[in-house]
Amino acid sequence: RVVSVAYFALIDLSKASHIQGGTDADEAKWFDVKELPTLAFDHKQIFQIAIERLKSKITYKPIAFELLPEKFVFSDLENIYETILQTEINRRNFRTKMLATGLVEELDEYLTGVSFRPPKLFRFVKKNYQKMKDKEVNLRF
Numbered sequence: 625r626v627v628s629v630a631y632f633a634l635i636d637l638s639k640a641s642h643i644q645g646g647t648d649a650d651e652a653k654w655f656d657v658k659e660l661p662t663l664a665f666d667h668k669q670i671f672q673i674a675i676e677r678l679k680s681k682i683t684y685k686p687i688a689f690e691l692l693p694e695k696f697v698f699s700d701l702e703n704i705y706e707t708i709l710q711t712e713i714n715r716r717n718f719r720t721k722m723l724a725t726g727l728v729e730e731l732d733e734y735l736t737g738v739s740f741r742p743p744k745l746f747r748f749v750k751k752n753y754q755k756m757k758d759k760e761v762n763l764r765f
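When the sequence shown is numbered by my numbering, its final residue is 765 and no position is left out of the sequence of numbers.
Please keep in mind that the hints were generated in silico from the structure rather than gathered at the bench.
Some hints could be false.
Simulated crosslink set (SDA-like; lysine to any residue; CA at most 20 Å straight-line) [said to hold, decoys possible]:
1) Lys721 <-> Leu692
2) Lys685 <-> Thr720
3) Lys679 <-> Val761
Since we're looking at a predicted model, the values are computed, not measured.
I would like the entire structure built from these sequences, with the hints used as guidance.
Pasting the structure below:
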């Protein structure tokens, strides 16, 4: 009999690209969600449950902001939602709804160092999140 305990988390790979396994996982490495190797026991089912929980959680908690820098372009936020939800979102509705939550604020700053028309920058409004932290926010798009 094998007992498995699973945890899942969102991490910024640019800050945690190195992974080191223990004695029984000395060849640990990151995998693309769509290209997982064969998993032992019921680990594929456990993984699928974690993915479904993540998809659900992102629709009522602003967890995506943990993956973004302090100032970000809006398309980066959209891409996180599309990646986690594994579906295309209506970008116009997403922007309107996200701004209406008060969790995102448009800045009077633009992305620098690009060879094309620079997009505006945005930021996560933490004080607004703290006010609504105990309430569920509808982030379904």
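Outcome of the hint check:
| no. | hint | result |
| --- | --- | --- |
| 1 | Lys721 <-> Leu692 | 19 Å, holds |
| 2 | Lys685 <-> Thr720 | 17 Å, holds |
| 3 | Lys679 <-> Val761 | 14 Å, holds |
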